[in-house]
Amino acid sequence: APAAQESSNTGEASSVETEYAKRITIGRLGDAAYLDPNQAVGVAEITITQQIYEGLVKASEDCKNIVPSLATDWIISDDALVYTFNLRPDIKFSDGTSVTGADWEWSLIRARDAETSGYRFAAEPIESVESDGETVVVTLKEPSASFLGNLCMFNLTLGSKAHWDAVGEQTYAQQPLGTGPYMLEEWNKEENILLVKNPYYWREGVPFTEELNYKVVGDDNTRSLQLQSGDIDIMMDVPFSTVSQLEISQNVKIHTFPSTQIRYFILNTTQAPLDNQKVRQAIGMAIDKQELADIVTLGFGKPAQSLLSDTQIQWFFDGLEYNDYDVEAAKALLAEAGYPDGVEFTISVRSGSQVYEQIAVMLKSQLAKAGINVELEMLERASLSEKYQTLSHEATILQWVDDFPDPSGIMGWTIDYDQCHAWYTGLNDVDLDQFNAAANVELDLEKRMEMYDEIQQRIYDNANVIPLFSNSFVWAASDKVENLKVTPFYVQITDNLKMKK
Amino acid sequence: MEKIVEVKNLVKWFPLKYGIADKIMQKKRKYVKAVNGVSLAVFKGENLGVVGESGCGKSTLARNIIRLYEPTDGQVFINGVDITKMKGRKLRNIRPMMQMIFQDPYSSLNPRMTVYEVLSEILTVHQMVEKQEIPNRVKELLEMSGLSMEIADRFPGEFSGGQRQRIGIARALALEPELIIADEPVSALDVSIQAQIINLLDDLQKKLGLTVIFISHDLGVVRYVTDRVAVMYLGSVVELGETEKIFNKPYHPYSYALTKAAPSLDPTDRKREQIIEGEIPSPIDLPSGCKFHKRCKWCQEICKTEDPVYWEIEPGRFVACHFPLGQEERKGE
Amino acid sequence: MNGLNYILKRILQIIPVVFIISILIFLMLRAIPGDPARLVLGEKATIESIDAMREKLGLNESYIVQYGKFVKGIVSLDLGTSLTYQRPVIELLRSRVKITLMLTLISTFFSLLISFPLGYYAGKYKDSMFDQIVKSGALAAVSMPSFWIGLLLMILFGVKLRWLPVGGWGNTFIEQIRSLILPGLTMSLLTSALLIRNIRNSVVDISNMDYVDFARSKGISERAVKNRHILRNALISTVTLLLMRMAYMLGGSVIIETVFSLPGIGKLMVDSIFGRDYAVVQALVMLFAMIILMINLLTDIIYSFLDPRVKF
Amino acid sequence: MNKLLEVKDLQTHFIMKNEVVKAVDGVSFTIYEKETFGLVGESGSGKSQTCRSILGLVKKPGKVVGGEILYKKQDVVKMSKDQLRKIRGHEISIIFQEPMTSLNPVLKIRKQIFEAFDRTDMTKEEKRKKSIELLKLVGIPSPETRMEEYTHQFSGGMRQRAMIAIALASEPSLLIADEPTTALDVTIQDQIMQLLNQLKEELGMSILLITHDLAVVAQMCDRVAVMYAGMIVEMTDTFTLFSTPRHPYTNALIRSLPNQKGANERLEPIHGAPPNLADLPMGCPFHPRCKFAEEICRTSRPELTDLTNTHQVRCHFLNKTVGFQGTFTPDKKQGGCDGENS
Amino acid sequence: MMRHAKKREIPIWATKPAFIVGIIIVVTAILISFFPQFIAPYDPIEVNSKAILVAPSAEHFFGTDNFGRDVFSRVIWAARIDLQIGVFATIVPLIFGSLMGLIAGYYGGVVDNILMRIIDILMTFPFTILVIVIMTILGQGMRNIYIAIWLVGWMAYAKLVRGEVLVLKNAEFIEAARVTGFSDKRILLRHMLPNVVSSAVVFAASDVVLCMLTGASMSFLGLGVQPPTPEWGAILNEGRAYIMNAWWITFFPGLFMAITGIGFSLLGDGLTDFLRTKGK
Ligand SMILES: Nc1ncnc2c1ncn2[C@@H]1O[C@H](COP(=O)(O)OP(=O)(O)OP(=O)(O)O)[C@@H](O)[C@H]1O
Ligand SMILES: Nc1ncnc2c1ncn2[C@@H]1O[C@H](COP(=O)(O)OP(=O)(O)OP(=O)(O)O)[C@@H](O)[C@H]1O
Ligand SMILES: [Mg+2]
Ligand SMILES: [Mg+2]
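Residue numbers (my numbering), protein chains in the order written: chain A, 1 to 501; chain B, 502 to 834; chain C, 835 to 1146; chain D, 1147 to 1488; chain E, 1489 to 1768.
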């Protein structure tokens, strides 16, 4: 591969590990817009910022626990309002400047106050932050059961205030400066993002590989061809449909990782006939989730019933009462709901996404058997968002990946009407909303888990959000790549990532 | 004699493109001065010839008379009616009385209409005959032009040049016009066919009492078919009179040159002298004075500066020359 | 004088055209459903944050004010800031224009390379086997989508033979040229097909002209006949067509750029339309309009240069 | 006199999918040095194809399928491309009918003249000088500037002159002029004819003049062949042809011309139209239009027969046509019959 | 000069094998598109989880795709959609554009000027971009593809026809019609139109192919027909992911597309000869 050869030219003299490449090229679908964790962030940005920025704590690799990161340990006051974190000494930003208490104060408060952030909710509980450089003391407005989890989020990370002061907001987003294992070296928009090892990184001998070159390749198929031809070494997010051709390709290995990703069928309850709960439940029953998962994920997924992913095992409700796939029952339920001749509605689908498109095609085919006639409407992202905003769609397909080891994120998103009309379903279940709010501040873990069990059941019964299937993350890489690791929260662990020459 | 057409001081200029840079540079607008003040009359039943070199404005004159072009200046009277500014329906109503026969037998017929369609369309639109009479009339027209009804369902592409020209004639006759303008009707035809068409036109003129304006650059043909002839040069008539008289005794040096330049069929009568030099000048920048002076053997000083008057040198004979050939005295002195 | 007239006129014409285009594109963009602010913030954004963003982006102002700003921007050559990229538009364009232009040039080059010999010999040996094959090949090339042809080329030359990179854009000039070969080839196929047809027919027509025979009758070599007389004249309509196609290729580069993952303006345009990145789309449309007007002007100039009969 | 070009039984056919157009069907004639030989006939009678055959310029489906063309005793038909190129433009030049389409519109006149010197080793300056000389010779005023112009800036007459200049560039022994004046006005036609005559005299070349205008023949040629439907129907010297034509077609052609009559006499057209060369009538090709046709004309094709050794006619009834009238009476034939004799 | 009329007994089209091939292809395509249900053995959108990515066989001539759908049936049904796109998207611009060109060319002056300016302006938007913008405004779907192509496509015809009209305006038979005193309407529709429309029709034949390609491009950009509607471009696009392990998904629609394209182009070429010869 050209990239590997190139690194061999330059790397030979300097490095002892001659048998490993200096640079790994990773093919990704889109470019990032900003590399600022507190500006609008999507998956495309997070994959990069999580290599550059670090927070006080982080989720363990299996995402089940919260483990130290820049904080070595922490004490939570009895009233659960004051969190005191002891910091690791001598942490430096990647430009060599030392981290100060001001940086901490500024970073966490900014996460709460930055207007343009889509994830402010994670920092919302914060009342104040004080830091002397050795500890960080966070005071909450009110107790929050999920706050420590929130701190694992990518937007509650440490940035350099001095740098921000020097370059201003706009440039800051283009020239990030954090304490993470890598730092930004070069960024050619729509071409590549080149990360190099942070020389001041606090963890000895980490990361292993000098340079990570994220190459933007807008077309999945091209990306997979590039992997086969050696133009790239790692292909992030392999579409399921492409897996089969990569499998037969020599020198390429498919990697699968457990994930918290679930795809959902979103029904807008403000539109007839979907305003009828029985109709929604009938739809749920008429979907053969097993077949759906089989065909769409080609074996990388399995049917999902609960809103929560079973990867977050402690929150997942395994006692959920759910209906099996049953066309006849679905028909009966439809008749009961007053639609003996079936119903019709339109699924608005994000165009250009093969998975969504395939799910839609499958749903259309399956639902037809129960007398549910759906039209598919492909819309590009912007038009679709407009529809969501005004609740003018009827049904759609969306997905969720958790960001921190706590269910409060997706629960709020799915239930809170104010946030986004209960995930664009328009269901204003005030009672459930209050119940969810209570669960959020319930400090007793046992009790809290029970509450979330109930919530999962109630959401299932509401059937405004119908979980379809969960699936693994599928990446592919050259067989020379070692230690490729992605957590269920879609965090790429690059510590030991390496590639043989 | 009754004047069927009277043209008074007709001028037709075609503007050349006038661009922004010209405007900025304050350049004068330029024109192709195709016809420059032609006056003539055509009498009922006669055959008036118009001769001249290519580009001298013969066709433009004809198209102005028939109002395919709108004259820049001057007037055209048809049967005493001023048609110079006529438009729309009025013009369309006067059209049938004058018809045209075109030069190019290939582009003068719509390739997508059969002969029958061409003729019946005219008869229908102008309601020349009752509906059920149309086939008969078409037959009559075709036979009049030396064709038979058998060919009526064919497309023009299937005919020879001569036959096409006959169809063109039948088309012109369909409206029973009084005046026919024939713009070089035989110059695209083979010699052996030319005679057929000339004879046909001649017969028809006599039989139907038509008035014909016959445009040609072939002097032999003009001499043969026309009663009077107008010689044009650079947009002006330089000489007009009875055909035989002009051929026998041209007054204008240009007429003289034209008649002499035509080759004779007699191999013993070979010319060795050059009759006329140079070529017709551009109609954009007309020469000063007499427009012919640059090519004229007898050119004098005055010819270069003063435009000669067009005057009646003898009854029925007009000429525009300062020194008409064989005339001692000069007009105006 | 006439030429000057013409060029002046064309340049003056550009002004109203650009003005009308600016209005058109401004209105068209606002007619597209979808809120830029929302797109920037992503699906997990809350309603307040969206509103804050709209305020920040100036989307809450009236259309007239927005248009005024847009025009003012154009006049002062400040094309604004991209929403998605958070960079001055002008900076975004700089590298991309180069890529698309290079792509267009390379495919123009390929088109010429392919179409002239094929077209000439197909025309010369009209109705021969060669002619038939070239003609059907050209027809087939016209009727298959370029993303498909591009894919096949990538598999063959990139994955199987590994001669050329599979898409992407390089850092060094050589790399860049190498990475433009396949997309250039793909893009040139349709154009080549059109040109071949044109050249073939021109060659057939021109070969029938008397001046070709007259040239031959001078006893000059067949090569001189071909170059000076046949091809030189065939060039007239061909170059016009080619330049027209160039304008088309510039705009049609979207798909090629996506397939081959080239960060050019075609792709930027589509991404920006989808991303409701008004500033970028507006700037690009104006840029396209300018380029196309320039190409048109150039076409006319070259045309009059190639064909001395043409006097604008 | 020396034979310069001898065409023997030339056959040029256009072979197409469903028909064969016999454009030239057994044409034989000889051109002597320093003479003007005329080829007349109606449109489509095969004149152009005859002269194109001589230079190997017949267009695609067309081909010389038989006969010989001996130029200075060498058979042009059998020549290789290179040999042919040496003849073209050097020994034999051609000018075409349409001055509008016979010069390349996109090349300057200068370039087109220079091309004629392509295979000489003249320097640019020499070429220039020679070109100017040539243009002067054919009567183009201020040749230095006109040379730098394009053909569209030339009038029809000027273009014809330029073409002649190019054709003369290599001082050919034979100039083929394919209807050089047809597209021109009488005044210009006259000038071009005079020019050709004068050049022939000055340069001592032969001219093969093709035309459909009998008057041009009468004015220019020493000997004439009349073609009809790809065949020569009558061939003799000009004076004989115009005084005592012997083929009914020649006769009819002469009689159908208007300028021989007083205005009152009726023209005598030839009826019908020329035949389709792909589908010639049986027998004499002219019989459907011939006033004198009899049964034999319908069935058998007459041969070109010697009437005298300078007069050949292709007709079954040579004696019947004795009384034909020409354009002048032979006794007038004293003065200008210079140059012609054989 | 052509003073000769060529008479031919054999109709011109019969001497053009290419034209005949073109006609055969197009007629077959049209037949297929009218009666896909009689040819296609399976429902083109029916998912079959038991037959995913099956290679071509007697059961599935062209194999199956990732949903287990029969590729042969999809390709056959797609003919209908593609032909529809090709023909509908062409016919409206053909008619509208031709009329605009006719009027502008014949009357000249202000009418002509305005039309040409409009075209000038619209032409400065690159075609593909304009279609994309229009598609994003109108939304995805067949109907909108038509509208987008209509809005853009008529200009080519208008320019083409206008050019022809400008030439023809001075033809002697048009002058003859004017001299005869026919109304403008009659001259335009009876005399002008039949003579100018042929080149537009010929152009339309090749435009059909380009419209089909535009449809395919839109599919590629995610703006094409609504899945699971079978359309060649869309099938090609979906099948790209399987090119290495299930070539049949893309090979057959590609083949059909190419053949249809060739058919229409041959038809267009043949029409040129046919219409021109008739005119001479
Ligand atoms: N529609 C027009 N626009 C501009 N110029 C024109 C137009 N029609 C004729 N002319 C010019 O007017 C002049 C006279 O043309 P016209 O056709 O009347 O000549 P003509 O005597 O009929 O010549 P010909 O024998 O070649 O037919 C020519 O220089 C011609 O170029
Ligand atoms: N390319 C061709 N294909 C088929 N037939 C041809 C072709 N060129 C010429 N012919 C035929 O050859 C015959 C002789 O043509 P030629 O050009 O020699 O006639 P011509 O006597 O020179 O007539 P004109 O006076 O029209 O120039 C004509 O009947 C013509 O139809
Ligand atoms: Mg004229
Ligand atoms: Mg000829």
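Among these hints, one or two may not hold up.
To be verified - Reference excerpt, derived from the structure (chain B facing chain E, CB under 8 Å, subset only):
1) 613
2) 615
3) 629
4) 633
5) 680
6) 803
To be verified - Beyond 10 Å from chain D on every Cβ pair, some chain C residues (computed):
7) 1009
8) 1120
9) 1131
10) 1142
Unchecked claim - Just so you have them, the derived chain E footprint on chain A, three or more residues with Cβ under 8 Å:
11) 236-242
12) 266-272
It should be emphasised that the hints constitute simulated quantities derived from the structure, not laboratory data. Backbone N, C-alpha and C define an ideal beta-carbon position, used for all residues, glycine too.
Provide an ascending list of the numbers of those earlier hints which the structure does not satisfy.
2, 3, 4, 5, 6, 10, 12
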